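Could you build all of it, start to finish, from the sequences and the hints given here?
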Amino acid sequence: MANFTVKEKEAHSSKINTRNVVLYVILTLWAIVNLFPVYWMFTFSLKTNEEIFGKNLIGLPWDWKWSNYASAWHTGNMPRYFINSVIVSVSAIVLVIFASMMATYAITRLKWKFSAQMNAFFMLGLTIPIHASIVPVFITLRNMGILNSHFSLIFPYAAFSLSMGILICTGFMVEIPKDLDEAAYIDGCGPFRTFGVVIVPLMKPALATISIYTFLQCWNELMFANVFISDSKFKTLPVGIQALSGQYTTEWGPIGAALVIATFPMLIVYVFMSGKIQESFVAGAVKG
Amino acid sequence: MKKKDIVNYLAVFLFLLPALALFIGILIAPIIKSAYYSLFDWNGMGEMTFLGLANYKELFTSKAIGFMKALFNACILATLSVFIQLPVSLALALALGRGIKGEKPFLSIYFMPVLISTVVIGQLWLKIYNPDYGLLNSALTKMGLENLCHIWLGDKKTALISVFVPTLWQYVGYHMLLMYAGVKGVSPDIREAARIDGATEGQVNRYIVIPVIKPILKVSVIFAVTGSLKSFDLIYVLTNGGPLHATEVPSTRMIEMLFQRNRYGMGSTIAVMMIILCFAFALLISKAFKEAD
Amino acid sequence: MKRKLLSLVMAGAMALSLAACNGGGTTTPADPATSPEGPAPSAVTEDEVKDAEITLDMWCIATESDSNRHSYEAAIADMAEKYPNITLNWEAFENESYKTKIKAAVSANEMPDIFFTWSCAFLQDFVDAGKVYCLDAAYEEFKDELPESMLGNSTYGGKHYGVPLTMNIVGLFANMDLLKSVGYDEIPGTYDEFIECCDALKAAGIIPFGCAGKETWCVTEYLESVIEKSVGYETLNDIFLGRATWDNADVASAVDTFQSLVKNGYFDPNGIALGNDEVKANFMDGKYAFYMNGTWNCADFANNSEFFPKVKVAEFPVINSDKATLGQLIGGPSDTLAVAASSENADIAAKYCFELGKLICHYGYLDGCGLPAWTPYGDTSAVNALTQDVAVICGNATGYVLFGDTAMSADDANTYLSYVDLVYGCEVDGQGFIEGLANDIR
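Chains as they are written, first to last, in my numbering: chain A, 1 to 288; chain B, 1001 to 1293; chain C, 2001 to 2442.
One should not assume that every hint holds.
[To be verified] Lysine-lysine pairs mimicking DSSO-like chemistry, simulated, CA-CA at most 30 angstroms apart:
(1) B:Lys-1156 x C:Lys-2287
(2) B:Lys-1063 x A:Lys-111
(3) C:Lys-2131 x C:Lys-2099
(4) A:Lys-233 x C:Lys-2082
(5) B:Lys-1101 x B:Lys-1218
(6) C:Lys-2263 x B:Lys-1156
(7) C:Lys-2082 x C:Lys-2143
(8) B:Lys-1157 x C:Lys-2202
(9) A:Lys-65 x B:Lys-1127
(10) B:Lys-1063 x C:Lys-2263
(11) C:Lys-2082 x C:Lys-2050
(12) A:Lys-55 x C:Lys-2287
(13) B:Lys-1069 x B:Lys-1057
(14) A:Lys-55 x A:Lys-65
(15) C:Lys-2287 x C:Lys-2323
(16) A:Lys-65 x C:Lys-2287
(17) A:Lys-178 x B:Lys-1290
(18) C:Lys-2180 x C:Lys-2287
(19) A:Lys-178 x B:Lys-1214
(20) C:Lys-2180 x C:Lys-2263
Treat the hints as calculated values from the structure; they're not laboratory data.
Remember, it's a predicted structure, so these values are computed and weren't measured experimentally.
Structure, rendered in structure tokens:
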């Protein structure tokens, strides 16, 4: 394949090359626009309020204030909040993956009367604004007796990501040839074994995508985290970061530092994961 | 035969159980409760007074609530999203999806704004738009275009577009990744075959890739529209609906009613209306895509 | 000498009658129907508190970065020493999100034993819903240290529901370096001089006022002072508390006066797009000559050693001396602690709450976070000079009007704020303002 590309390039005229140059210039410019927030956040985290409020907007910090990191890390219990955020997000992701794969299997591959309506019903979830029913959800969680625990965030986050999970799963699952199920049935597999042995292994490409989109829902969520959690033991990062701003005054440097602490590990994980996504897509395409 | 049917329905039930329990328990039941609250005058704590549909009537007629204006703004955002944001995302997905050099780093970078907390994106754009020392005004001044300088977020005429630009920009990567997955799903063999037959890159995209990713485009359009109707975070950070309600969207009205004005009934009414509208739009879009086939 | 006088001055200020909140809203004085059900609470004795092996939960907004943090920590440490048998689990939340949190908690009846609240309308909804424990019995013991006048903002139907902490007023802060550059050594004392001063500043290319248009409460700090100094504090109080209508020609002309300040270009035009943090940074950076805002800023100004020598504080000058006088101020005690009716140990929590509130008030005052609602005690000479100046202003006070958005019910307050926006944006004039409010306030 690499060979082919080289040959192709040689065969084509220089018109393609100028086109490519233009393409690369555009892609690079867009990349700079999208990288800028990362750079800005990082430098912001090392500045004083004075610099942030106008004196030094986009330059490197005059005096690299690493102490912002110390004060962010030692305010409240940031390491604890970080771990809580990881626990809540990862649990929600796992829950979404399982629930949505199972539901999608029932909707797309089992034959029953109302599967289309059931799918539409789940899609209703995409339309519900997350802030709309905070009090009823609060009361539900209280009745379940899970306020002030990781579960009081895991369940709502998973519930709000479920529709997206089912949507993504559907996209991947309809691509799996029906012959495979039928072959499994003929071999004597019931729906459960077919699901476990045939479908789940082929759904790997969907996992990374579902994880990323679920993660986006959970990681920075503030409203639920603020209302449902009252015990420092279970607070998550966004709530902890918010506590860095005072009633009347705010030191922005430590907030920047906390945001870097909250964001950079995720950016790094994402960069690794996005490689995986690409591989999985390519793998899926070759198979399909 | 009969026995198999029963087993089948049992399987359906068991497979749906976890998702349904979560979904109904935490999304649907509370929303039904909100729909019930929307029939009352209630401050969220004290006694409830039954109003029937009076909240709905007030919502659409009261100028002070300004729901129609907020809805109109959200529709502008949805239109911009479908006709500007999605084409950009699609172009990027197509460019990256055909397997150019540097595909992986570009893909990672383009998704970063989605991963970064809205607080950061919001603060950054506040600095860009700042009337005193903001990047935008400084750049315009340096280029000798002082007359184009504005108090971007403080002027009724420019605030709406100034809020929408970052909102649209931040989620380009979101849609791009969805579409990229589809583009990658096109078998490389088909691509090569088309190229050998002399098809240009544009023709490959037009006749081979886009038809294949149509279901994903539908999803993207639905997300863009419902996302616009629900948009909140960045607008809240940048203007919170101001100046003089120029940048209100349904969510900012809802939050004000629920938590600032203690009008829990009216806030619930807005929530119910948003869900109905989002669902109606989603159905319309699905139908439009079906007819186009 | 000045410092010694201070305690006396403060005591004088405290004796002033503050506007009681129960005039407006749904609670009418001595209406037993709205007071919570249940047996009349009785006070507990010191021994009962010392014997109780209990845990109390408390929510507040003194996050690690809040200027009140230290006073909470110090007060709680003192309490832990005095009552080792009582375990206090306290959690602090960010200001804005706390408002959502506490409302949701009240709705679901999941409140902690002791919670922070703002007085007047904010607390009133909770009291009306019967969720707050009446503090009348517990108050008896603290009558001498906490003047009853300070409880006005948390008294509903003649019953007390809140323990006030600090109080703050709106101050006219001035950058004296900038004033000196146009020939003023003091903040002008009369309105005419004040306007001359603004003109001189404007002529010298200095922006007189900084105001965060993005946060409407910052605009009200200016507007309410202008209205109060034009129509007098009683009239404004009656309107805020719903005892009189907004339809008042004097208010309309006062609003026009305020708008003329805007139209004359005394305000930073860029301020409309800025938040208070940014405006405050600009003021400390020497961009504005004046900054009207709450006196809670004193602590921050005092902590900036470069800026502190430049800043002075004064009262807004009188505009119409027929109706208003110096000594009529905007402000009052708003930060409050309250006890949940659902608390299992409400009686002990009530007594604990008073003692804790007294200590938080004490330490907060020493830190310069505001003026004490309780009678000050101990050595207060370490309080920063700016806060002391505020104390002198309060010492000469003759009447207070609480911040409009705190005094009015949540719905009315937001209607009011949106009209203030319209005035600041010059979309409506004084006449439009009073007519609109008279119509739209429900």
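Structure-based check of all given hints:
1. B:Lys-1156 x C:Lys-2287: 25 angstroms, holds
2. B:Lys-1063 x A:Lys-111: 51 angstroms, violated
3. C:Lys-2131 x C:Lys-2099: Distance of about 16 angstroms is within 30 angstroms: holds.
4. A:Lys-233 x C:Lys-2082: The given pair, whose Cα atoms are some 26 angstroms apart, holds under the 30 angstroms limit.
5. B:Lys-1101 x B:Lys-1218: OK: B:Lys-1101 and B:Lys-1218 at ~29 angstroms, within 30 angstroms.
6. C:Lys-2263 x B:Lys-1156: OK: C:Lys-2263 and B:Lys-1156 at ~17 angstroms, within 30 angstroms.
7. C:Lys-2082 x C:Lys-2143: Between C:Lys-2082 and C:Lys-2143 the Cα gap is close to 21 angstroms, so the pair holds against 30 angstroms.
8. B:Lys-1157 x C:Lys-2202: 27 angstroms, holds
9. A:Lys-65 x B:Lys-1127: 20 angstroms, holds
10. B:Lys-1063 x C:Lys-2263: Given that 30 angstroms is the threshold and the Cα spacing comes to 27 angstroms, the pair holds.
11. C:Lys-2082 x C:Lys-2050: 9 angstroms, holds
12. A:Lys-55 x C:Lys-2287: 13 angstroms, holds
13. B:Lys-1069 x B:Lys-1057: Between B:Lys-1069 and B:Lys-1057 the Cα gap is close to 15 angstroms, so the pair holds against 30 angstroms.
14. A:Lys-55 x A:Lys-65: Since the Cα atoms of A:Lys-55 and A:Lys-65 sit roughly 15 angstroms apart, the hinted pair holds (cutoff 30 angstroms).
15. C:Lys-2287 x C:Lys-2323: Distance ~34 angstroms between C:Lys-2287 and C:Lys-2323 Cα, so the pair is violated.
16. A:Lys-65 x C:Lys-2287: 26 angstroms, holds
17. A:Lys-178 x B:Lys-1290: 23 angstroms, holds
18. C:Lys-2180 x C:Lys-2287: Satisfied, since the Cα-Cα distance of roughly 14 angstroms is no more than 30 angstroms.
19. A:Lys-178 x B:Lys-1214: 21 angstroms, holds
20. C:Lys-2180 x C:Lys-2263: 25 angstroms, holds
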